[in-house]
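Participant: Start from the sequences, fold in the hints, and give me the full structure.
2 protein chains.
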Amino acid sequence: MSDGPFGRPVLVVGAGLLGTSIGLALRRHGIEVWLQDVNQEHVRTASGLGAGVARPGVGEPALVVVAVPPDLLGVEIGRALAEFAGAVVTDVGSVKSEPLAQLRAAGAPDLGRYVGSHPMAGSEQSGPLAGSASLFDGRPWAITPHDEAEPAAVATVVALAELCGATPLSMPPDEHDVAVARISHVPHLLAVLAAGRLADAPADHLALSGQGVRDVTRIAGGDPALWQQIVTGNAAAVLQLLGEVRGQLDLLIDAVSTGARADLAALLDRGVAGTRAIPGKHGGPTRPMQSVFVSVPDHPGELARLFADAGSAEVNIEDVHIDHDPGRPVGLVELLVDEASAEQLLASLESRGWVTHR
Amino acid sequence: MSDGPFGRPVLVVGAGLLGTSIGLALRRHGIEVWLQDVNQEHVRTASGLGAGVARPGVGEPALVVVAVPPDLLGVEIGRALAEFAGAVVTDVGSVKSEPLAQLRAAGAPDLGRYVGSHPMAGSEQSGPLAGSASLFDGRPWAITPHDEAEPAAVATVVALAELCGATPLSMPPDEHDVAVARISHVPHLLAVLAAGRLADAPADHLALSGQGVRDVTRIAGGDPALWQQIVTGNAAAVLQLLGEVRGQLDLLIDAVSTGARADLAALLDRGVAGTRAIPGKHGGPTRPMQSVFVSVPDHPGELARLFADAGSAEVNIEDVHIDHDPGRPVGLVELLVDEASAEQLLASLESRGWVTHR
Numbered sequence: 046m047s048d049g050p051f052g053r054p055v056l057v058v059g060a061g062l063l064g065t066s067i068g069l070a071l072r073r074h075g076i077e078v079w080l081q082d083v084n085q086e087h088v089r090t091a092s093g094l095g096a097g098v099a100r101p102g103v104g105e106p107a108l109v110v111v112a113v114p115p116d117l118l119g120v121e122i123g124r125a126l127a128e129f130a131g132a133v134v135t136d137v138g139s140v141k142s143e144p145l146a147q148l149r150a151a152g153a154p155d156l157g158r159y160v161g162s163h164p165m166a167g168s169e170q171s172g173p174l175a176g177s178a179s180l181f182d183g184r185p186w187a188i189t190p191h192d193e194a195e196p197a198a199v200a201t202v203v204a205l206a207e208l209c210g211a212t213p214l215s216m217p218p219d220e221h222d223v224a225v226a227r228i229s230h231v232p233h234l235l236a237v238l239a240a241g242r243l244a245d246a247p248a249d250h251l252a253l254s255g256q257g258v259r260d261v262t263r264i265a266g267g268d269p270a271l272w273q274q275i276v277t278g279n280a281a282a283v284l285q286l287l288g289e290v291r292g293q294l295d296l297l298i299d300a301v302s303t304g305a306r307a308d309l310a311a312l313l314d315r316g317v318a319g320t321r322a323i324p325g326k327h328g329g330p331t332r333p334m335q336s337v338f339v340s341v342p343d344h345p346g347e348l349a350r351l352f353a354d355a356g357s358a359e360v361n362i363e364d365v366h367i368d369h370d371p372g373r374p375v376g377l378v379e380l381l382v383d384e385a386s387a388e389q390l391l392a393s394l395e396s397r398g399w400v401t402h403r
Numbered sequence: 046m047s048d049g050p051f052g053r054p055v056l057v058v059g060a061g062l063l064g065t066s067i068g069l070a071l072r073r074h075g076i077e078v079w080l081q082d083v084n085q086e087h088v089r090t091a092s093g094l095g096a097g098v099a100r101p102g103v104g105e106p107a108l109v110v111v112a113v114p115p116d117l118l119g120v121e122i123g124r125a126l127a128e129f130a131g132a133v134v135t136d137v138g139s140v141k142s143e144p145l146a147q148l149r150a151a152g153a154p155d156l157g158r159y160v161g162s163h164p165m166a167g168s169e170q171s172g173p174l175a176g177s178a179s180l181f182d183g184r185p186w187a188i189t190p191h192d193e194a195e196p197a198a199v200a201t202v203v204a205l206a207e208l209c210g211a212t213p214l215s216m217p218p219d220e221h222d223v224a225v226a227r228i229s230h231v232p233h234l235l236a237v238l239a240a241g242r243l244a245d246a247p248a249d250h251l252a253l254s255g256q257g258v259r260d261v262t263r264i265a266g267g268d269p270a271l272w273q274q275i276v277t278g279n280a281a282a283v284l285q286l287l288g289e290v291r292g293q294l295d296l297l298i299d300a301v302s303t304g305a306r307a308d309l310a311a312l313l314d315r316g317v318a319g320t321r322a323i324p325g326k327h328g329g330p331t332r333p334m335q336s337v338f339v340s341v342p343d344h345p346g347e348l349a350r351l352f353a354d355a356g357s358a359e360v361n362i363e364d365v366h367i368d369h370d371p372g373r374p375v376g377l378v379e380l381l382v383d384e385a386s387a388e389q390l391l392a393s394l395e396s397r398g399w400v401t402h403r
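The listed protein sequences correspond, in order, to chains A and B.
Each residue of the first sequence is one higher than the one before, starting from 46 at the first, in this note's numbering.
Each residue of the second sequence is one higher than the one before, starting from 46 at the first, in this note's numbering.
Rather than coming from a laboratory, the hints here were simulated on the basis of the structure.
We put the beta carbon where it would ideally sit given N, CA and C, even for glycine.
Honestly, I wouldn't trust all of these hints.
Claimed, not checked - Here are the simulated distance ranges between beta carbons: (1) A:Asp308 x B:Gly304: 27 to 37 Å; (2) A:Ala248 x B:Asp383: 35 to 45 Å; (3) A:Glu379 x B:Arg397: 19 to 29 Å.
Unchecked claim - Rough simulated footprint, nothing fancy, chain B against chain A, three-plus residues with beta-carbon under 8 Å: (4) 97–110; (5) 182–190; (6) 197–206; (7) 233–243; (8) 295–304; (9) 310–321.
Facilitator: See below:
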């Protein structure tokens with residue numbers, strides 16, 4: 046078995062969704078992976094999936110990847126630094142400043158060998174069975190070196206991200222935490238507040254639900270045990286933005302109460318600007334897209350037929366959305382395509398008998 | 046030309062997205078439709094699409110459908126009641142109490158002939174060209190009779206919804222407004238607040254964006270001119286819920302500031318409960334679903350090949366999601382299927398060479 050680019054094996058601490066997926070991704074390159082978890086069942090499952098082998102009693106890894114829940118990051122990173130004097134140590138947690146502060150407060154030895162990281166990939170599912178070698182394919186992977194991090198350790202963690210198929214993006218730990226508060230943690234909490242309003246709503250009110258409310262609230266279904274650790278672990282950055290949200294909510298309430306249309310319009314315009322600020326697919330500039338809607342009977346094979354017919358039109362479909370329509374066995378499928386290709390797709394689908402509209 | 050179930054033609058006032066779609070849907074049944082709009086171009090376009098004919102100089106409709114922006118509803122409904130003494134009048138606006146109050150304040154004649162309604166269908170696009178005969182297929186259509194509404198008028202508006210392919214759901218105007226504040230207007234405003242935080246964010250922060258933030262903020266891209274009318278037209282119900290949101294936001298800020306894990310967990314749990322409260326597809330009870338992820342090269346024909354292969358597995362795909370992954374020409378496609386069918390689909394796709402994971 047090759048020891049690959051690291052010279053010695055990689056030890057993954059925590060064989061959950063992320064740890065197992067990293068093991069699977071590294072094994073694609075023939076790299077030896079050791080797995081460790083307080084839950085032996087997780088190690089057996091992950092190793093059965095081909096993510097590596099249970100950590101042997103002796104030997105020292107070149108790289109330790111700590112993939113444990115946020116609350117345990119500081120302790121486990123410190124333990125790895127102390128136990129393996131020759132290893133680079135990284136973690137894949139959602140928050141970066143807090144574990145670093147814990148390590149410094151605890152006087153962790155040789156902190157230059159630790160470089161934090163955070164793959165922007167995951168799932169609403171958890172555990173090793175949800176793992177996949179392709180989980181990180183094409184995803185951003187933040188690399189967050191602190192001031193004393195050794196350049197060789199940074200290079201090792203960048204190599205890890207690249208071996209997993211991800212795109213490394215380097216930024217300081219505190220900047221990472223502000224970024225994920227903005228693009229992940231606070232959107233999550235606002236989805237939670239929106240979803241919370243539905244919990245006790247009368248059924249006939251909920252019966253009017255469309256796709257919009259489903260999209261806004263979807264991520265609020267994520268694991269509360271994990272999210273309370275993420276949010277409290279990134280409290281400072283989250284509170285800063287929640288304070289902004291509160292200020293904007295007060296302005297909004299004020300504008301609606303007094304009928305101040307211009308103030309309300311300014312808030313709505315800022316929302317539109319925000320949706321446009323998110324980078325387009327593949328990180329490129331946002332191209333003008335158009336939606337093509339198709340009515341599709343809700344039984345097996347109909348979507349296949351639609352996509353086969355759409356494929357014949359030689360048009361690249363950028364996104365697909367199926368509207369859940371209560372009450373009828375017909376779905377409305379939205380195909381998002383380049384504006385320039387929409388007419389071609391419509392004509393082709395209509396010539397094959399599909400009911401379409403823009 | 047048949048006058049259909051109404052005995053005389055239907056006049057649609059406002060040939061935008063909804064008005065044109067109603068015309069197209071009624072024409073499927075051979076019903077004579079007259080179109081009227083302050084914008085003659087809209088009438089020409091809608092009538093060119095087959096949604097009806099420009100309103101003739103003489104003759105009285107059986108039913109007037111007012112499909113104008115929220116601000117103009119009260120005036121246009123009142124005008125229709127006054128002009129056509131024998132017609133039932135309805136509207137398709139997003140708010141119901143405010144136009145009724147305006148009609149009462151203005152002493153509109155013969156209010157028993159007016160019954161409000163609201164099809165739960167739309168698009169981020171607008172104008173007659175976005176219209177479609179199938180826009181309402183299978184969608185809920187709220188019918189909102191006030192206290193003095195005549196039963197025959199209610200029956201006429203229910204018939205309109207059914208002829209358009211929608212499922213009529215009857216509720217009082219004020220209850221409708223509370224319901225849509227909850228399942229549409231306030232989720233929209235929270236999406237706006239989430240998106241607003243992104244407007245001036247540094248590009249390297251936005252580069253970390255995943256699918257979650259895209260879903261939460263998508264509807265915030267809707268037309269601000271329309272949404273400011275909707276929100277101010279439903280101010281009372283919206284303010285009630287925004288007050289609740291503000292109370293919950295204060296609790297959230299407090300819980301994060303003080304590290305009160307139990308309070309934070311309670312808020313997160315309530316969000317999970319809310320996502321589960323939304324009715325499942327087709328209004329039935331929510332079935333357990335599982336996601337199957339497939340890596341798909343991003344060129345024409347690959348999605349077609351995937352859906353053809355998925356179709357061969359005889360598994361009904363309930364929803365599809367394509368993840369926009371910056372940096373790589375490979376997309377991650379999520380197929381949502383019945384839990385019981387997931388293994389069958391995975392095995393079938395893998396046997397055809399697809400890279401899958403759960």
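Participant: Does each hint fit the structure? Answer for all of them.
Facilitator: Quick rundown of the hints versus the structure:
Hint check: aspartate 308 (chain A) to glycine 304 (chain B), Cβ distance near 35 Å, so the stated range 27 to 37 Å holds. Checked against the hint of 35 to 45 Å, the pair alanine 248 (chain A) and aspartate 383 (chain B) fails, with Cβ atoms roughly 23 Å apart. At about 26 Å, the CB distance of glutamate 379 (chain A) to arginine 397 (chain B) agrees with the hint of 19 to 29 Å. Counting residues of the region 97–110 of chain A whose CB falls under 8 Å from any CB of chain B gives 0; the rule of at least 3 is not met.
Under the rule that three or more residues need a Cβ within less than 8 Å of chain B, the assignment of the region 182–190 of chain A holds, with 5 such residues. Remark: the region 197–206 of chain A is not confirmed as covered by chain B, as 0 of its residues place a Cβ nearer than 8 Å to a Cβ of that chain, below the required three. As drawn, the region 233–243 of chain A meets chain B at 11 residues by the rule of a beta-carbon pair under 8 Å; at three or more, the given contact holds. For the region 295–304 of chain A, the stated coverage by chain B holds: 6 residues have a C-beta nearer than 8 Å to a C-beta of that chain, and at least 3 were required.
Only residues whose C-beta sits within less than 8 Å of a C-beta in chain B count toward coverage, and the region 310–321 of chain A has 11 of them, enough to reach three; the restraint holds.
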